[in-house]
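2 protein chains.
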Amino acid sequence: MSKTLKVSVIGAGSAQFSLGIVKDLCLTKGLDGSHVSFMDIDEDRLDMIYKLATRYSQQLESDMTFDKTTDRRASLEDADFVLNAAYVLGHVVEAQMRQRAAEKYGYYHTGGQFGTYHQLQLMLDVAQDMEKVCPDAWLIQSGNPVFDGCTLMTRETSIKVCGLCHGHYGYREIAETIGLDPDRVTWQAPGLNHNIWLTHFIYDGKDAYPLIDEWIATKGEEYWRTHVAKRTHDAQMSRGAVNQYHMYGLFPIGDTVRRGGWWYHTDIETKKRWYGEPWGGPDTHLARPYFVQTLEERIAEMTRWANDPKTDMVKVVGRENTREQIVPIIDGLVNNKEGYFQVNVPNHGALKGLPDDLVVEVPAIVNQKGIQPVQVRALPPKIMIEQILPDWLETERELLAFKTGDRSMLLHSVLNHHQTKSYDQAVAILDELMNMPEVQEIEDWEKMTRIVDHYSFPAEL
Amino acid sequence: MSKTLKVSVIGAGSAQFSLGIVKDLCLTKGLDGSHVSFMDIDEDRLDMIYKLATRYSQQLESDMTFDKTTDRRASLEDADFVLNAAYVLGHVVEAQMRQRAAEKYGYYHTGGQFGTYHQLQLMLDVAQDMEKVCPDAWLIQSGNPVFDGCTLMTRETSIKVCGLCHGHYGYREIAETIGLDPDRVTWQAPGLNHNIWLTHFIYDGKDAYPLIDEWIATKGEEYWRTHVAKRTHDAQMSRGAVNQYHMYGLFPIGDTVRRGGWWYHTDIETKKRWYGEPWGGPDTHLARPYFVQTLEERIAEMTRWANDPKTDMVKVVGRENTREQIVPIIDGLVNNKEGYFQVNVPNHGALKGLPDDLVVEVPAIVNQKGIQPVQVRALPPKIMIEQILPDWLETERELLAFKTGDRSMLLHSVLNHHQTKSYDQAVAILDELMNMPEVQEIEDWEKMTRIVDHYSFPAEL
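As given, the protein sequences belong to chains A and B, one line each in that order.
Counting with the numbering used here, you get residues 14 to 474 for the letters of the first sequence.
Counting with the numbering used here, you get residues 14 to 474 for the letters of the second sequence.
Think of the hints as simulated: they come from the structure by calculation, not from any bench.
Among the hints, a few may not be true.
A pair counts as met if it fits within one copy or between any two copies, since identical chains are not told apart.
As the list claims (entries may be wrong) - Pairs of lysine to aspartate or glutamate, EDC-like flavour, derived with a Cα cap of 20 Å:
#	residue 1	residue 2
1	K16	D369
2	K365	E409
3	K285	D437
4	K434	D226
5	K350	D369
6	K328	E310
7	K434	D280
8	K173	D91
9	K117	D84
10	K365	E144
11	K42	D76
12	K243	E186
13	K232	D194
14	K145	D55
None of the values given here were measured: they were computed from a predicted structure.
One chain only, chain A, in its complex shape (with noise of 0.2 Å):
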């Protein structure tokens, strides 16, 4: 590492996040003399997490050195690498959308999606500020919706994008449920980003898939009728999981198995048949503030041992690496230590049958030369039709409707979702969440009230 590498956070008062990315840099010889500048809009979180991240770093004698700042384009100065891990609407305006859909109108667990636009705009904003002030730099994606904002960064800007998620170590609770070493399991799992599929499952140079099988066909009914998850999001080994393999032919991976259609997902009994118990999965009017309230609580936690300069922050904190990929990717990127990764890039050709300029999650090896997608074999025809090209559909309308600001889109996207029973119902929530005053102070959302006239002389696609 020539000069000081910087890397800046945004968004990073995401305290958990914002202090793994510093343990991290800490505990990796050759970055650990790297610059952080943490940039969110809420001071005080902000301060917490400088202050835990300057006495974490001291007391382990890194020399690593921190500035916070409230000034977005200042944190992205001389930027090498820029984290985007802001979340613009927040986990209470999310709540009470799903809330008002709820009430009003019976919908189960909906409503949070119409956060999305802010934080496409975000995302856009920090792209484009990027081609001002550090235009070489890497951007790191890991605040959601990681496929849409990443294929929208791409198309709009001339940043290099490169999105992160966690759903992909779904494979090791697969291989830990049935009995096997996660560590001696070669995987294989590409798609679009919460929509990824096992198609290569391998222990000790055998197709392992049979033995998934084997336990579902002898195992699965007892684990299904007496598992109790532990987190929100232990759904890998679920009955929808399974019921969605076989549905679509292949073992959907972590994030993926919230999805797969809307008859999961009708309600808290259906949710809890698909799901188990005590949450019926991530999504649900239990998990959710359970989730939330973990997330203050350990926030909570964080400000104490930021408040209390006694704190021991090693012990606290710990002194393992995370099992987080961006501080290794930028270890590959920067001293050539080469790895493997599963990222959300620019597809040109890694993926079949869909654009180059959509961001596809698959495998990369990652060195000096580059993050380089390994472009795997194509996804079973089912799966294309049934579950990524209708995916794929749904984020070109969004970022469609997001580019026009044509309010018939998100009228259109209310109509699809299978618990809308009317179109005066659709018409009605629309008009009501658009109308929320959270929403409304939401700097450039009255670009979403344009109506958008027939046009018939037509664009291109």
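With the hints as your guide, set chain B onto chain A.
Same frame as chain A, now just chain B:
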């Protein structure tokens, strides 16, 4: 015309269709010496159409000759054109399927789509027979589903396929309703069959879309309040059509109006709101029996003509050409009488953003060089994303289900119906419809009952 042209009509018992062909052939100079071979599995109908055609052409002193057969291959022998108008399950079984879906599961007017698989098999059988018996003949496909069937035949055989439909004449209804002379309209409406959109509507050299807008603004409400349909398919200027125009940006033409989104089709009140009185459009429990009854009355009338040797055939059938495109297209191909038609042919770039081997509906110049599609401008992105591409995916799903015999894909199809309320309901209705005796007795039906297992090393898309 050097040799006697042979036209084979498959499903010739569709008597009105067959008689129209005979009439147009008789009245077309250069084709009136053709030989028409009627083929059907219904011998009574076959006898009837044979009698009517023979007597009509004799009365006109035409040189046409005819034969009739229940042997498909015999009819195809030496054919130059094969017209396929057959419908396998028939309207009665279709109605029974709808009734079961409605009575036991609460669906509104649906279930008939299961007949599609039999239609696809028939179309493929005909095209495969043609490969053996008359490989150079043109196949003109009139029986539905034109889009799915023509795509299937294009992909699976080497036969030249052209699908035809009446829907595009909807541009004339628009003109007539808003007070324009349809013969002075220059128009274009490309897309997929039953999914075409008015990109050009020009009157006396000027864009006439503003005249549609003016009519909607000043006369629409009055029309929707007072208009009473005389035909079940009279919906071109309905409130539903205009709503789709406003939602998607271009006017939907012909059968396109009958689609648009599930929310136009949930129950009879909703249907009447969007498609008007007295039937609520062609796809309701009121309209369909009336439509079928009208067909049956027409057959009864034609049967009386056939059984009464004193019937003045020219008087009852007339001596004006029909509006069917079939015979003019044959005239163009055989006698170089050039014409401009709306056809369904393999894409090969005519409509941007769709596969080459998908059959699209586009304008084409027809002469002795062949049926040459016009490469139209791309449809607007919104229509591509919200209407064309989802329809494409649905057809890919249907064709893959047909090809693989994968029952889980049928289940997926039922689940995708907006009126399906749960997974268990979908499983139950699929079982019930597939176990109907009328369905079971169809040859090769058991093909659809296999369950395809997972494949971890997938095929190419």
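Structure-based check of all given hints:
In the homo-oligomer, the alpha carbons of K16 and D369 never lie at most 20 Å apart, since the shortest distance is 34 Å inside one protomer and 52 Å across protomers. Within a single copy, K365 and E409 get their C-alpha atoms as close as 17 Å, and across copies as close as 16 Å, so both meet the 20 Å cut-off. Taking the shortest Cα distances, K285 and D437 sit within 20 Å of each other only across copies (15 Å), while inside one copy they are farther apart (31 Å). Proximity of K434 to D226 under the C-alpha cut-off of 20 Å is found in neither arrangement, the shortest distances being 38 Å within a copy and 29 Å between copies.
Proximity of K350 and D369 under a CA criterion of 20 Å is satisfied in neither setting, with 28 Å inside one chain copy and 44 Å between copies. Taking identical chains as interchangeable, the C-alpha atoms of K328 and E310 lie at most 20 Å apart only when both belong to the same chain, with a minimum of 19 Å there against 89 Å between chains. For a Cα distance limit of 20 Å, the shortest separation of K434 from D280 qualifies both inside one copy, at 15 Å, and across copies, at 11 Å. Proximity of K173 to D91 under the C-alpha cut-off of 20 Å is restricted to the intra-copy arrangement: shortest distance 15 Å within a copy versus 62 Å between copies.
In this homomeric assembly, K117 and D84 never come within 20 Å of each other (Cα to Cα): the closest approach is 40 Å inside a single copy and 62 Å across copies. Taking the shortest Cα distances, K365 and E144 never come within 20 Å of each other, neither inside one copy (30 Å) nor across copies (32 Å). Taking the shortest alpha-carbon separations for K42 and D76, only the intra-copy value of 11 Å comes in at or below 20 Å, while the best inter-copy value is 94 Å. In this assembly of identical chains, the alpha carbons of K243 and E186 lie at most 20 Å apart only when taken from the same copy (13 Å versus 63 Å across copies).
For the identical chains of this complex, K232 and D194 are intra-copy neighbours only, at 18 Å inside a copy versus 73 Å across copies, given an alpha-carbon limit of 20 Å. For the identical chains of this complex, K145 and D55 are neighbours neither inside a copy (24 Å) nor across copies (75 Å), given an alpha-carbon limit of 20 Å.
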